Amino acid sequence: MNPDSIDRLLSPAEIVEHFGRLLGDGLVASSVYERFEGRKTSGSVQIWLTIDRRRLKEAVRTLIGIHFPHLTVISGCDVGDDIELNYHFYIYYGRARGEYGVFLKTLLPKSDPAIDTITDMIPGALTSEREKQEFFGVTITGIPDSRRMFLPDDFPEGVHPWRKDETGIQEHMVKKLYEVGKEPVEKRREAAAAAPQQPQQPQQPNEAS
Amino acid sequence: MIARKEFNPPTAPAGSRIRTVIGPVHPALKEPIKFLFEIEGETVVDVDFAPGHAHRGIEWMGMRRNCVQIIHTAERICGICGVSHSLSYCRAVEQAAGIEVPPRADYLRTIYGELERIHSHLLWAGVAALELGFDTLFYKAWEVRENVMDLLEYLSGNRVNYGTLQVGGMRRDIEPAQHERIFESMDYYTGLFDDLLEMFLDDSVMKTRCRDTGVLSRGDAMRLCTVGPTIRASGIPTDVRQDHPYCAYGDLDFKAVTPEALGGEVHGDVYDRIIVRLLEVKAATQIIRECIDKMPDGPINAFKKLFLLLNHVKKAEGEGVGRHEAPRGEVFHYVKLAKNKEEAEAWKVKASTYSNLMSWQTMLKGQQIADIPIVVASVDPCISCTDRVALIGDGKTSILTNEQLRRLSRRKTEALRSGGAP
Chain A
0 MNPDSIDRLL SPAEIVEHFG RLLGDGLVAS SVYERFEGRK TSGSVQIWLT
50 IDRRRLKEAV RTLIGIHFPH LTVISGCDVG DDIELNYHFY IYYGRARGEY
100 GVFLKTLLPK SDPAIDTITD MIPGALTSER EKQEFFGVTI TGIPDSRRMF
150 LPDDFPEGVH PWRKDETGIQ EHMVKKLYEV GKEPVEKRRE AAAAAPQQPQ
200 QPQQPNEAS
Chain B
0 MIARKEFNPP TAPAGSRIRT VIGPVHPALK EPIKFLFEIE GETVVDVDFA
50 PGHAHRGIEW MGMRRNCVQI IHTAERICGI CGVSHSLSYC RAVEQAAGIE
100 VPPRADYLRT IYGELERIHS HLLWAGVAAL ELGFDTLFYK AWEVRENVMD
150 LLEYLSGNRV NYGTLQVGGM RRDIEPAQHE RIFESMDYYT GLFDDLLEMF
200 LDDSVMKTRC RDTGVLSRGD AMRLCTVGPT IRASGIPTDV RQDHPYCAYG
250 DLDFKAVTPE ALGGEVHGDV YDRIIVRLLE VKAATQIIRE CIDKMPDGPI
300 NAFKKLFLLL NHVKKAEGEG VGRHEAPRGE VFHYVKLAKN KEEAEAWKVK
350 ASTYSNLMSW QTMLKGQQIA DIPIVVASVD PCISCTDRVA LIGDGKTSIL
400 TNEQLRRLSR RKTEALRSGG AP
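One line per chain: the protein sequences are A and B, in this order. FYI, numbering that gives the first Met the number 0 numbers position 188 of the first sequence as 187, with every residue one higher than the one before it. FYI, numbering that gives the first Met the number 0 numbers position 319 of the second sequence as 318, with every residue one higher than the one before it.
Among the clues, some could well be false.
Derived lysine to aspartate or glutamate pairs resembling EDC-like cross-links, with alpha carbons at most 20 Å apart [unchecked claim]:
| id | chain 1 | residue 1 | chain 2 | residue 2 |
| --- | --- | --- | --- | --- |
| 1 | B | Lys364 | A | Glu33 |
| 2 | A | Lys174 | A | Asp153 |
| 3 | B | Lys338 | A | Glu83 |
| 4 | B | Lys33 | A | Asp80 |
| 5 | A | Lys175 | B | Glu342 |
| 6 | A | Lys109 | A | Asp153 |
| 7 | B | Lys338 | A | Asp81 |
Simulated restraints, written as ranges between beta carbons of each label pair [stated by the list, open to error]:
| id | chain 1 | residue 1 | chain 2 | residue 2 | range |
| --- | --- | --- | --- | --- | --- |
| 8 | A | His171 | B | Asp186 | 17 to 27 Å |
| 9 | B | Arg406 | A | Phe67 | 38 to 48 Å |
| 10 | A | Glu185 | B | His71 | 27 to 37 Å |
| 11 | A | Arg38 | B | Asn157 | 53 to 63 Å |
| 12 | A | Thr166 | B | Lys338 | 18 to 28 Å |
| 13 | A | Thr166 | B | Gln68 | 23 to 33 Å |
| 14 | A | Val31 | B | Arg410 | 11 to 21 Å |
| 15 | A | Gln169 | B | Leu309 | 40 to 50 Å |
| 16 | B | Asp292 | A | Phe67 | 55 to 65 Å |
| 17 | B | Gly262 | A | Arg96 | 19 to 29 Å |
| 18 | A | Val158 | B | Glu179 | 49 to 59 Å |
| 19 | A | Arg38 | B | Gly263 | 32 to 42 Å |
| 20 | A | Ser10 | B | Gly297 | 31 to 41 Å |
| 21 | A | Val179 | B | Asp186 | 48 to 58 Å |
Just so you know, these hints were derived from the structure itself, not from any lab. As the structure is a prediction and not an experimental result, all values here were calculated from the model. Ideal placement from N, C-alpha and C gives every residue a C-beta, glycine not left out.
Isolated chain B (complex conformation) (with noise of 0.2 Å):
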């Protein structure tokens, strides 16, 4: 029998240690989670989590839905990742169906891919702003995002959820005449660039709060099967889009990003983990011109009509798996397709977070309390909305609300900015 999620061992800790739980309730996110803290002090002793409140059971409503309402099914898995999941079920269905995507849709979908990966990094960098304890940096980082998200759906017709891909290919082009808005804002964020690293990176307050913060080793990150920022960080220069080439990616001179690139060593902390997202906006800038560049004529969709594809998909037999570098590190899905039948045998989906939890463990033991939101946040899950913890010490119990464990971040953040000690 498997049993339930509860501390493990169920029994109270010996001496001063204390039990602390945080969540389970985060609304904004795919994944929602209980975070299980044993505290010494103010030091994280050992951590464990148990996700899941938000299991939605998507892969088992796929497996009773065609590839063509799957797509949409896929793109709602993450509020964030439009593409992300549509881009990789799409690349899965046309391995195990066989069918060959014409280079001008692999073109595109690399752009759309880029855009999601701006928006999706400038939202991170505002959150990581906001639970330390930076408001101006917060608001900034946000409204330069809108440029971004003005664009994706000046291109889609959406902001979230473009419903641009399908099996095969795309579903709506991007003309000649919309490239010279697209340069635009890529104009924007490349002036825009060095004001960010100036501001994330210079700021001394910034620096000692994220320095050697959350640290996980080169090798705690190839045990752990860590994946996208996170691994880069910690000095792996490992890339999908480099390693594994799909999309328009093979046919680019793109190298992953490590923060070596500006200079220093890699420490493996929160502070490197700002710097790859940071330079990877500037990066995916120069992915979307070099696409609009070397963007090749042609069809955009292998099938001018929906039901040529459903025949075909319902036709093929066959297994294939699909990968895509989203903002957050790999995501994969398996897909299995079995004669005859519309909806798929089997549907996998691995989002990067599922890779990443393992971490949380390493990088958050030894850690203070207060910097745990930060930690937490470094990875990029979106727990933002991480909603109260609980602490539980000498049979007395006190809530601590999502608010207030920001204020002891901030807190901290004001010490350091007087120049006291935290």
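Chain A on its own, in the form it takes in the complex (with noise of 0.2 Å):
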């Protein structure tokens, strides 16, 4: 058992000053948004923390020890020089009104984008764990599964679609549809720019179409 666990519910001020009494100057940043919707009778909580990522398998740990949490997914985003982790969980659900989101944000450097693995704790994290090295190119640190999840078996290594820099899908592995069986843009933009005085004709439709 978690010597950390509490067994009553708390607010979403306290889940914070736990989660800052626990990680210390492991908790980088904290906000809580009350979101209100239809007639705004009950709105729902969101706890935004972020966390150093060498504490990410402790922050987890704290979030067990207050209810055994759900994981929804985790999404990312490439900011530059860093990659963006978000743990969504979710905890308190089965409870009328009372579920909290508990979002978890942590930056991996470029130079060096490795993570603990979580599924230890929640098996269920397997899948994202997964996706997350394929899509970001980070590393999860004694993920037990390494295999790739949704990318096809003959896609090229070391491309990352949900990179923004050179290790990204490049220009030319994208197919642009609505250009087969067409002529390049380029090309036609040339040969309109040849024939300027001619009045408008009406467009033929290309052979290969």
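Put the two chains together into one complex; each comes in its own frame, and the hints tell you how they fit.
Laid out in structure tokens, this is it:
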């Protein structure tokens, strides 16, 4: 049993405080957001916590101590020199209007994009971790199954679709379906520039199309 | 280097075990899946899967389109859930850009979400009946589903891909003159409900096939991050509509449906998943009635013109999440917006089946080959298009087509009907 487990319901502010107490400077930033919809009678709570990536496992253990969380997905974004990963957890599910979103944000420098696996605590995280490996080129340390998840078998190694740098999808990999069977745009523009005086003719359907 | 999709480990199994591949072609699915089974005799010993055969790079495309274009892309992620993905996406953008949605639009969104639940659950019920060999039931379920499809066409103009949602609200209102037609449909389903329950749940063969088949325990359901009717059938009363209110659900009196509602105890099996889905159809009719009764007046969109919306989103900066309880479970969208950029900086889509993938491994272990179709279908991945199965053993390969696999499943039902052992 986790010595830090808590068996009473915490308020969002208490959860932030609890994380601050257990993680110390591992908790970089925090904010609580509540959103109201419909007739605005009851809101839904989101707690955004920025965590030092080396302390992720500790943070997830802290969360399990509060309530065994439901991991929705790990989302991410290429933000230049770093890759940002967001672990979207929900706790206190099954309680009417009482569920909190707890979103752990971590930054992984591109020079060493490694983070620990959490599958030893939450086995269901495997799908999402495998996906992040192939789509962002991050390394999940200790992942029990590091095969590809969604990319096809013949997809080139070292290309990570959601990266926005030189390892992302390159221009030559993109097939523009609206140009298939037509002359390239540049050629059509050149042809149009060469004959500017001609009155506009209705375009002839291309033989290939 | 990340290894390819293959058996893990790739060496042949020991002893009398054989390996089976199901899939990967499931044309009607958003996620066609290749299943890798290890089988001993008639029993499944180990399961692995390789999804992604129809990965279309939707999120990549979304990062190159503006928010109005993405809605129509999102609507086409799934062929059945036309509202779920666009609703989640809209809510994510609304949070990221700080847009207040008029209350009337929230009620309209709820109505569409629930209509979608009715037709999706009835479609699933038909597929489940087909996989088990109950043809009449299959035709009956799909026949009664037509009523709600007609209603959706009447309200939105389309049977699927309704195109009614917009960031900031809705594109189309429901007029008071249309209420009567909606109530007519709701009465139709309320009147039908007892018959449906009897047809699906009181049949002794149905009970034998589904009871204690494909069991997912409460603990496993939590550890494997399962969602939707699958986790509720395992006895955990979690439902985004109840737990984390959004749209009009915060104003309504709604409780998550679990199998205990019919007086029984929770088994976490296929039978319980049927109970949960059928009861949710009834709950959906009540929610729709309540929404129409309580619907506030007012505008249906926060923006009068599209360019105002595009300008607002272009100036906005921030991140947001949108979550919706789709018929199959929680759908989740994450959107990040950057300043002076029309396109999304990041967009992550999480569909319900994405979360339910892992639970298959637990459910299928120890099952018979003839039970594979119904167990796989029981999480509602609409995997009715299971393409073919290759049985590889002793150096010989035999191909089992989808038809043969289904026949195997039906033969088991027929044997039960005639009183013999399966």
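Task: Hinted pair Lys174(A) and Asp153(A), Cα distance within 20 Å - done: holds, 16 Å
Task: Distance restraint hint 55 to 65 Å, applied to the beta-carbon atoms of Asp292(B) and Phe67(A) - done: Taking Cβ atoms as reference, Asp292(B) and Phe67(A) lie about 38 Å apart, which means the hint is violated.
Open item on the list: Can you tell me whether the CB distance of Gln169(A) to Leu309(B) sits inside 40 to 50 Å?
Closed with: violated, 29 Å
Task: Lys109(A) paired with Asp153(A) [C-alpha distance capped at 20 Å] - done: Distance ~25 Å between Lys109(A) and Asp153(A) Cα, so the pair is violated.
Open item on the list: Given a hint of 19 to 29 Å, does the C-beta separation of Gly262(B) and Arg96(A) actually sit inside it?
Closed with: Distance hint for Gly262(B), Arg96(A) holds at roughly 27 Å.
Task: Distance restraint hint 18 to 28 Å, applied to the beta-carbon atoms of Thr166(A) and Lys338(B) - done: holds, 25 Å
TODO: Note whether the CB distance of His171(A) and Asp186(B) lies within 17 to 27 Å or breaks it.
DONE: Violated, at about 59 Å.
- [ ] Kindly confirm whether 53 to 63 Å is satisfied by the beta carbon distance between Arg38(A) and Asn157(B).
- [x] violated, 29 Å
Open item on the list: Against the range 38 to 48 Å, how does the distance between the Cβ atoms of Arg406(B) and Phe67(A) compare: consistent or not?
Closed with: Distance hint for Arg406(B), Phe67(A) holds at roughly 42 Å.
Task: Pairwise beta carbon distance, Val179(A) to Asp186(B), judged against the given window 48 to 58 Å - done: Since Val179(A) and Asp186(B) have Cβ atoms about 51 Å apart, the given range 48 to 58 Å holds.
Open item on the list: Does Asp80(A) sit within 20 Å of Lys33(B), going by the straight-line distance between their CA atoms?
Closed with: violated, 36 Å
- [ ] Just tell me: holds or violated, for the beta carbon distance of Glu185(A) and His71(B) against 27 to 37 Å?
- [x] holds, 29 Å
The structure does not agree with the numbered hints 1, 4, 6, 8, 11, 14, 15, 16 stated previously, though it agrees with the rest.
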